[in-house]
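Chains F and X: place on chain G using the hints.
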Amino acid sequence: MSAPSGITLVTLTKDVRLEWRSKDALNSMLFFALLVVVVFSFSFDPNAEESRVIAGGLVWVAFLFAAVVALNQTWARELRNQVLDAYRVSPAPTNALFLAKAIGNFLFVVVLEAVMTPLFIVFYKLRALGPAWQLFPVAILGTWAIVVNGTFFAAMSLRTRSREIMLPLLLFPITIPALLSMVEATTTILVGDPSTSAKFWIILLATYDVVFTTGCLALFETVLHAE
Amino acid sequence: MTDANTVRAHADPIITVTNLVKQFGRFAALRGVNASFDAGRFYAILGDNGAGKTTMLRVLAGLVRPTRGEVSILGDSKPRKACREFGYMAHPSLLYDEMSGMENLRYFGQLYGIADDARCSASITAVGLDPALDRQVGQYSQGMRQRMSLARALLHDPKILLLDEPFSNVDIHSAREMVKLLTGMRDGGKTILVVTHQASLLDGAADEFVWMQTGQIINRTPDRTFMETA
Amino acid sequence: MKKAFPILGLLTAVLLSYALYQALVVAPQEQTMGDVQRIFYYHVPSAWTAFLLFAINFLASVLYLVRRNPQTDKIASWVVIVLAVLTCIGGYAFRSALPKDVYPSSVATTGIAIAGLYFLLRKYFSEQGTDILALTTAEVGVVFCTVVLVTGPLWARPVWGIWWTWDIRLTSTLVLWLIYVSYLVLRRFSTSGETPVLAAALAVFGALDVPLVYFSIWFFRTQHPQPVIGGGGSIDPRMLHVLLINWLAFLCFAFLVCWSRYRLERMQRDVEETQALEALLEPGGHVR
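Residue numbers (the working numbering), protein chains in the order written: chain G, 3 to 229; chain F, 2 to 231; chain X, 54 to 341.
For the record, the hints were derived by calculation from the structure and aren't laboratory data.
One or more hints might be untrue.
As the list claims (entries may be wrong) - Lysine-lysine pairs mimicking DSSO-like chemistry, simulated, CA-CA at most 27 Å apart:
no. : chain 1 : residue 1 : chain 2 : residue 2
1   : X       : Lys55     : F       : Lys82
2   : F       : Lys160    : F       : Lys79
3   : X       : Lys176    : X       : Lys55
4   : G       : Lys127    : G       : Lys25
5   : F       : Lys79     : F       : Lys181
6   : X       : Lys55     : F       : Lys79
Stated by the list, open to error - Which stretches of chain G does chain X cover? Using the computed rule of at least three CB atoms under 8 Å from a CB of chain X, they are:
no. : segment
7   : 156–164
8   : 211–224
Note that beta-carbon positions come from the ideal geometry of N, C-alpha and C, so glycine has one too.
Okay, chain G solo, but in the shape it has when bound:
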């Protein structure tokens, strides 16, 4: 199986298996996610009437910070024994590696979100007054937006000093339109004002995802080999 999709699948399976085996990163990330929700709940009084309005922003900022911690681990295993060299000298297409890592990160962050969301709902007594089913495309498209660029910039920051700070430094400015879309879409759905619709934001998120997935796939090989 040397087809790119085969290599993506094999790499993804390997990463999931290794993550499951050690469970270190997974456990500490889950606990971190819980802590983030609790800290936010203390900082922004969830009993206030405005909680429904600000919850959209809070939730996504919390997801973003948890995602950054996860993204910084993307290449940690590969760095330890210069495994990336082994990948670079092989005929395997680098995009397959990128997709595997991006999908792996996506799954990881989705698990974190799945843990954090019920907690937010409980602490903020959240209830969607608008079409709640729309929250699913927002969550999927929004998470992919953070993760696809995050994986790319994680690779870029491999070639810099202060690796852990470079990732968010590069990621946040580029992610602003996606972040705005996610927050606005979520708020619109939660508030449920009939004159507003989250549809534009969802379309914008989808456009963002398409544009940047293409960009990442086009430039990943260049960045990986820029030694």
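Okay, now just chains F and X, sitting in the frame of chain G:
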């Protein structure tokens, strides 16, 4: 001192570098290297730290882009195009510490299109290790780790082996086993380039010793008698 | 070339003084805002200059990336030509969809101008020159961007009583500023031997982001109406005149600064290259 030309006999050059220059800012790691390496021969590349040995090997493997000059592997001017034809090994193991040897080889085999467990087993056995060993590579001794790394480099049966300090921190027994294995591979027609500080290990095994200093090849001899210049 | 620099410097100084005089004295006083409005002649030309510089940075970055490989270079040239043609045709074909003040001819001209600029850069800048141009325009662009972000709130405070508003231009400028500061940080922190490649990739990402930023803020504002800094609607022709003079002066100044920076960077790299070449001849391999 033997003339480099007579040492080469009548084999065909499989790797050629022309005017290879690599600069990292103001430091010139390679300063105009001209060389050709023939098929089916075992080369030992020796020299002090900073001589450019590792840099040259990494340029040959396509991991580093030269500042100037050309590299030709099996007629291809881009090392990455010829990537199926060479296996690369370095001082770090290039393996996942959290997986067993067999799992590692299975994964890296997939990158070369090898889905066959038997080939992975054969490669591990060839370096003198047990394919059934369930231990994670991170728990291996250095000797075992380097041997497993060699197994990874050999997995896709490449024509050329580029090995950077394969015997570093390896126990003498494992090192000798590896040299024996490499000699056998050379006899089987593979071209082998080994960068090492432990030239004595390759006495009687290497066909040619290539001496590098400050980014250039200063001599090529059939044995270890030529030492560093004053 | 060397003689042109002081002459241009003098010309720029004269132009800037004249433009300042025009802005502070000659331009008519605004009805509602009074003299505070005159900051507009500083704020808007800075923004236009910054955007132009970032556009050049984008073209230079793309050029740098495609020229590493002769195949991609050829493909890219054709893509630029096709895009220019499509812009011309599209401008006329979709004229009804264009916003009120935008004419099909300006769309077409912009398309052709960008393509022309691309090929000009390709012809007159070497591989390294392209990278230095990208670095230069990013640095000077960030400076002009900072001016926009400082003058905006300075204007907003006395007039509307607030320091900041999610005004579409101001917010887009802020995001652009953030992206390019991260670009400069990447350049500084990179340990790779191929920093220009990484920086160029980031610049391309930044450029892809810009329209998305604009649309997201535009829609945000339709949902949450905010005061508009910089005044919407039509502009008095005398004010437009002063505005354009100021823009011309700023462009000359930007050109001058970029030119100096470019020369400085080029000289620094030449020195490094000479030292490295000397290292090739030095027996020790290092320059003492």
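Evaluated hints:
no.	hint	verdict
1	Lys55(X) x Lys82(F)	47 Å, violated
2	Lys160(F) x Lys79(F)	16 Å, holds
3	Lys176(X) x Lys55(X)	21 Å, holds
4	Lys127(G) x Lys25(G)	31 Å, violated
5	Lys79(F) x Lys181(F)	31 Å, violated
6	Lys55(X) x Lys79(F)	42 Å, violated
7	156–164	holds (count 5)
8	211–224	holds (count 5)
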